[in-house]
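Read top to bottom, the protein sequences are chains A and B. Counting with this note's numbering, you get residues 1497 to 2235 for the letters of the first sequence. Counting with this note's numbering, you get residues 518 to 784 for the letters of the second sequence.
Careful, some of the hints might be misleading.
Unchecked claim - In the EDC-like style, the derived pairs of lysine to aspartate or glutamate whose C-alpha atoms are separated by at most 20 Å in a straight line are: (1) A:K2223 - B:E720; (2) A:K2174 - A:E1998; (3) A:K1939 - B:E758; (4) B:K578 - A:E1747; (5) B:K656 - A:E1639; (6) B:K578 - A:E1821; (7) B:K656 - A:E1911; (8) B:K656 - A:E1660; (9) B:K578 - A:D1830; (10) A:K2223 - B:D713; (11) B:K580 - A:D1830; (12) A:K1939 - B:E579; (13) A:K2232 - B:D713; (14) A:K2033 - A:E2062; (15) A:K1826 - B:D713; (16) B:K578 - A:D1828; (17) A:K1825 - B:E579.
What the hints contain is simulated information worked out from the structure, not anything from laboratory work.
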Amino acid sequence: MANVNQKPASSHPLTDEEYQKVEKLLGRTPNSTELAIFSVMWSEHCSYKSSRVHLKRFPTEGEHVIEGPGENAGVVDIGQGWVAVFKIESHNHPSFIEPYQGAATGVGGILRDIFTMGARPIALLNSLRFGPLERPKNKYLLEQVVSGIAGYGNCMGVPTVGGEIYFNEIYSNNPLVNVFCLGIARKEEIVKAAAGGVGNPVIYVGSKTGRDGIHGATMASAELSQSAEKRHTVQVGDPFTEKLLLEACLELMRTGCVIGIQDMGAAGLTSSSSEMAHRGKTGLEIDVSKVPLREEGMTPEEIMISESQERMLLVAKKGRESEVEAIFKKWDLDMAVIGTVTDDRMLTIKEGEKVVARIPVDALTSEAPVYERPLAPPPFQEMLQSLNMDAIFEPKSYSEALMKLLGSPNLASREWVYRQYDHTVRTNTVTGPGSDAAVMRIKNTNLSLAMTVDGNSTYCLLNPYYGGAIAVAEAARNLVCVGAKPIALTDCLNFGNPERPETMWHFAASIEGMTDACNRFGIPVVSGNVSFYNETKGLGIYPTPIVGMVGLIEGVRAPLTAGFKESGEKVVLIGETLDELGGSEYLKTLYSQERGYPPILNFEREKGVQKIVLLSAQEGILTSAHDCSEGGLAVALAESCILSPGAMGAMITIVPKGIRMDSFLFSESQSRIVVTVKESDLPRLRQLIEAESLPYSVLGVTGGKELNMTLDGRPDQVIHLSVQEMKEAHSKGLQKYFE
Amino acid sequence: MVSVPTSNHFLGVVIFRARAYFKVDSMHFGIIVFPGSNCDHDCHYVTQSLLGEPTSVIWHKEKKLPDVDAVIIPGGFSYGDYLRVGAIARFSPIMDAVMNFAAKGGYVLGICNGFQILVEAGLLPGVLLRNRSVRFICKNVSVRVENNQTPFTSLYQPKEVLSLPIAHGDGNYYIDAAGLTGLQQRRQILFRYCTDKGEISMEANPNGSADNIAGICNEAGNVLGMMPHPERVSDPLLGGEDGIRLFKSLQSSQVLARTPGLEKERR
Chain A
1497 MANVNQKPAS
1507 SHPLTDEEYQ
1517 KVEKLLGRTP
1527 NSTELAIFSV
1537 MWSEHCSYKS
1547 SRVHLKRFPT
1557 EGEHVIEGPG
1567 ENAGVVDIGQ
1577 GWVAVFKIES
1587 HNHPSFIEPY
1597 QGAATGVGGI
1607 LRDIFTMGAR
1617 PIALLNSLRF
1627 GPLERPKNKY
1637 LLEQVVSGIA
1647 GYGNCMGVPT
1657 VGGEIYFNEI
1667 YSNNPLVNVF
1677 CLGIARKEEI
1687 VKAAAGGVGN
1697 PVIYVGSKTG
1707 RDGIHGATMA
1717 SAELSQSAEK
1727 RHTVQVGDPF
1737 TEKLLLEACL
1747 ELMRTGCVIG
1757 IQDMGAAGLT
1767 SSSSEMAHRG
1777 KTGLEIDVSK
1787 VPLREEGMTP
1797 EEIMISESQE
1807 RMLLVAKKGR
1817 ESEVEAIFKK
1827 WDLDMAVIGT
1837 VTDDRMLTIK
1847 EGEKVVARIP
1857 VDALTSEAPV
1867 YERPLAPPPF
1877 QEMLQSLNMD
1887 AIFEPKSYSE
1897 ALMKLLGSPN
1907 LASREWVYRQ
1917 YDHTVRTNTV
1927 TGPGSDAAVM
1937 RIKNTNLSLA
1947 MTVDGNSTYC
1957 LLNPYYGGAI
1967 AVAEAARNLV
1977 CVGAKPIALT
1987 DCLNFGNPER
1997 PETMWHFAAS
2007 IEGMTDACNR
2017 FGIPVVSGNV
2027 SFYNETKGLG
2037 IYPTPIVGMV
2047 GLIEGVRAPL
2057 TAGFKESGEK
2067 VVLIGETLDE
2077 LGGSEYLKTL
2087 YSQERGYPPI
2097 LNFEREKGVQ
2107 KIVLLSAQEG
2117 ILTSAHDCSE
2127 GGLAVALAES
2137 CILSPGAMGA
2147 MITIVPKGIR
2157 MDSFLFSESQ
2167 SRIVVTVKES
2177 DLPRLRQLIE
2187 AESLPYSVLG
2197 VTGGKELNMT
2207 LDGRPDQVIH
2217 LSVQEMKEAH
2227 SKGLQKYFE
Chain B
518 MVSVPTSNHF
528 LGVVIFRARA
538 YFKVDSMHFG
548 IIVFPGSNCD
558 HDCHYVTQSL
568 LGEPTSVIWH
578 KEKKLPDVDA
588 VIIPGGFSYG
598 DYLRVGAIAR
608 FSPIMDAVMN
618 FAAKGGYVLG
628 ICNGFQILVE
638 AGLLPGVLLR
648 NRSVRFICKN
658 VSVRVENNQT
668 PFTSLYQPKE
678 VLSLPIAHGD
688 GNYYIDAAGL
698 TGLQQRRQIL
708 FRYCTDKGEI
718 SMEANPNGSA
728 DNIAGICNEA
738 GNVLGMMPHP
748 ERVSDPLLGG
758 EDGIRLFKSL
768 QSSQVLARTP
778 GLEKERR
């Protein structure tokens, strides 16, 4: 507790300027407890100091939006008195150091962000990135991360219903684990996180506090280095306790005695107390000697910054403490009144009678540093975007090329993974893993919610503006493919070291692309997360903005899915294929080239295609819908065969119109959706498409057990594969690494 | 595969329809909730919302059961699966009442973690071990009805193949050779994992359980434990209704039990 005359090193990584600002805000030298508090609250992870100026661009309002960014999660009105609460968060650094617990506590953290708002979590999704599985370390990371997500989510009884996994060497030392959670509540049940009412008790509930996770926030705000010594910074999760906490909190919030509640996540008690006081424009006085502890001899500093899991901080109405106690006793959880709400706008930490820290709340929150860091494109950006197609020779066999793609780790079936996740618990899952988007029904209503997570880091590397815009467009496209209207999104922005101008250039450009897409499509951003410093030994990840989007389906209809259904149905491609192999899986997998310009996104075209598919879905004329993305048209058609419940194939005639054949088959042109309709519904579909002046082609007809693609007017088959062999290649592509 | 309805099955269907027509007494379900139970909500939705039967939620700390006709011990991770799955739950205060209820012939249905709790409590023989693959598995499996002459299975055809989801890490049912022979002889095996054509094979067994056992009943036939989740395939909106017939079988069995003269038809 001794005062320090200069900024101490290592565990308090404030810069010299930041330290001076601390002294200025306090009007004196901080003691070591105060310094620890500042160092976690002003870390990148908690303060968003490098990202705030850019995040301001996002549109955050809309007709459905009840709460935008700023609360623990976003809240949107979905009608009939219901609201959806959702957010996506990262747990990247801990997952490299201790993958099972890192991923598990990532799930735990996002679940708490949802139920702290008074909503019951009903679905989880995740977006993961690893290095190639040929390396044992990457295989180990994947296995442990998946186990951790499964272990925590299954025990909590929240189904994991979708997600994405991609592999790229750039993630070998920096895996990404982003977890999305959605919950629902009646509108009036939402509880916010402000500390209001002077004199009200501040109550701690949940697990006892230990030394785990200390400096987890600061660890996530720096590059990864030697991992073994950092293991103590990874929190340890207990999903059973969190399940009890969930039930107890929801029960408590229904009594109306909670003024505000927030979970203790990054920076633990420090962040919840300062953020709640900030929102309530009040102060908080906390006595650390009242905090339930599970280790001996913890200092006030340790107690304040511990990241022990499964704990919540709440402010209750004065006089109703015994109600709170009774509920937590029923669920066998700790409950302790540890402080009071004050009106002095200060965070006062006491140990018994002794004041050990006293900091203005605003200094930790709104007056935290905000940086406008310099940005500049990487010097090799132009070289990256150049692609000499003359040097790329067409494959001898397009069928073989397609088989190779289907069996590649980025495109193969993820069943080995999602079979470990309980995806049907709570009996709300209409469409689960393996589809374009997950669909969850809401009992006793005619509403369903669709959700997806999407992001292509190769596109972002090659052109971050388009990469960001495409992430938004693709998520929305996946939602309309299940018949849902996109209503709002949450984002997880995973980037390298923000002190490098290239990283900030990637960051700013991605956000610009996402913002333009959100504005053009009318989809607001209601919550999100930024993860910087995904970099090891100076090598940072590709810019990886991930979009988690939610759509609404009104009315009860048969679920719309991607697989071919009956034979004799017309296969129609809405949209147009262009000659743009840049950034494609085809180039990466067959030619080991990751360069070129990513496919362009025409906002008007994308809106038109999505509008028509949604209209047709609502009219009930579509028997299947599947968007074209990684792998292009050929892979999309192959997937529709593979996902077909009857393993049905199709006879397809293609007209490449002057584009090289491999481009036509494997270009990842945007704004394309493949649908099937009964022959009798084709005229109506044509009518809808032509009214919007969209390009389209009637590709062929479903039937048989093979995918046959022939050139118009030519007898030779470009693609000739049985559904059986495609299915086998697809199902083994990822699984073979784990047998 | 043509199956001729047994007299019991036929009778079950007639009673079920008559019951609805004549608006016979409802069947009161009781669902036990332990710390960590997850599927209580799902079972409640089936019995109360889909079947319209009065359903009580019973906290594990209660010492007495309300006046119920059937007790459901739902799936989940009671006590976090600490020590051994189901090992701690079986010592909960409510379990004494459940054991008495079962001893008196009351219907008890244990699903997934509920099955694990019933074997720990000794209401069913055998033990549930870690899946052979060591991993948690969630998928739809085919299950064959081995005995449709029980209160739980009267509305199924003999050897009928059902599609039910499993979601478990510890579903590997084990019993010693003598025990297994006993189960087979007394027709206590109610469900076995099979191919979608109804063949019992190792390939169709998702977790390594003995004799592909997915669900068994006690000797008296009033206690059922099963790993698959019938409550998850009870709503047509979610694509399948093979599960709800189990609950409906119980409803019609209850009527049989309460109707004098028809009692001898039960099992």
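Now for the hints, and whether the structure bears them out:
1. Under the criterion of a C-alpha separation no larger than 20 Å, the hint pairing A:K2223 with B:E720 is consistent with the structure, at around 19 Å.
2. The straight-line distance between the Cα atoms of A:K2174 and A:E1998 is roughly 51 Å, outside the 20 Å bound, and the hint therefore fails.
3. Our distance criterion of 20 Å between C-alpha atoms is met by A:K1939 and B:E758, whose separation comes to about 17 Å.
4. Proposed proximity of B:K578 and A:E1747 is supported: the alpha carbons are some 17 Å apart, at most 20 Å.
5. For the given pair, B:K656 sits about 19 Å from A:E1639 by alpha-carbon distance, which is consistent with the 20 Å threshold.
6. Restraint check: the Cα-Cα separation between B:K578 and A:E1821 comes to about 17 Å, which is no more than 20 Å; the hinted pair holds.
7. Simply put, B:K656 and A:E1911 have alpha-carbon atoms about 10 Å apart, close enough for the 20 Å limit, and the pair holds.
8. Our distance criterion of 20 Å between C-alpha atoms is met by B:K656 and A:E1660, whose separation comes to about 19 Å.
9. A hinted pair counts as satisfied when its Cα atoms are at most 20 Å apart, and B:K578 with A:D1830 qualifies at roughly 18 Å.
10. A distance of roughly 19 Å separates the Cα atoms of A:K2223 and B:D713; the hinted pair therefore holds under the 20 Å criterion.
11. Proximity of B:K580 to A:D1830 is assessed by CA-CA distance (about 24 Å); at most 20 Å being required, the pair is judged violated.
12. Distance hint between A:K1939 and B:E579 is unfulfilled; the C-alpha atoms sit about 29 Å from each other, more than 20 Å.
13. Taking the CA atoms of A:K2232 and B:D713, the gap is about 25 Å. The hint is violated against a cut of 20 Å.
14. Between A:K2033 and A:E2062 the CA atoms are separated by roughly 54 Å; this puts the pair beyond 20 Å, and the hint is violated.
15. A threshold of 20 Å between alpha carbons decides the hint, and for A:K1826 with B:D713 the separation of about 45 Å lies outside it, so the pair is violated.
16. Between the alpha carbons of B:K578 and A:D1828 the distance comes to roughly 12 Å, so the proposed pair stays at or under 20 Å and holds.
17. Taking the CA atoms of A:K1825 and B:E579, the gap is near 15 Å; set against the 20 Å cutoff, the hint holds.
The earlier numbered hints that this structure contradicts are 2, 11, 12, 13, 14 and 15.
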